[in-house]
Amino acid sequence: AISRLRPTHRKSITCMNFSTEDDLLVSVASDEFNSITLWDWKSASKVAHVFGSKEKILSVTFLKRNSSFMTCGDRHLKVWKVEQHDLDTSRAFIKNKSTESLQDM
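The sequence shown begins at 1 in the UniProt record's numbering and counts up one residue at a time.
Source of the hints: derived by calculation from the structure; they are not laboratory data. Worth double-checking, as some hints may not be accurate.
When the alpha-carbon atoms are kept at most 27 angstroms apart in a straight line, the in silico DSSO-like pairs for lysine-lysine are as follows [what the hints assert, rightly or not]:
1) K54 / K81
2) K46 / K81
3) K11 / K46
4) K56 / K46
5) K11 / K56
6) K81 / K11
7) K81 / K64
8) K42 / K64
9) K56 / K81
10) K11 / K42
11) K81 / K42
12) K64 / K46
13) K54 / K11
It should be emphasised that the depicted structure is a prediction, and the values quoted were computed from it without experimental measurement.
Generate the whole structure from the sequences, applying the supplied hints.
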């Protein structure tokens with residue numbers, strides 16, 4: 001199936017990923033907020049749109065349960081939970097330079 005999605009991002013898309021079970025697509029923009037848009041690509045409708053991070057997001061992937069996806073970039077990793085028409089950051093980690101370990105925020 002092919003869907004035409006209405007433009008949401010003002011700049012180019014840095015990364016995107018399709019869910020394996022649902023009809024979801026997540027995309028990340030290269031704008032100043034690294035905006036994240038969640039789509040139902042079969043119906044060509046936007047499910048949610050949020051500011052992602054001040055730091056550049058380099059990768060996005062759905063987790064085994066398609067109700068969550070993960071974004072990561074320079075010294076950060078976030079897990080996002082899909083809740084109806086909203087996205088919630090459930091966890092965020094940053095690399096601690098002094099101990100070279102990941103810390104829960």
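Failing hints, ascending? none
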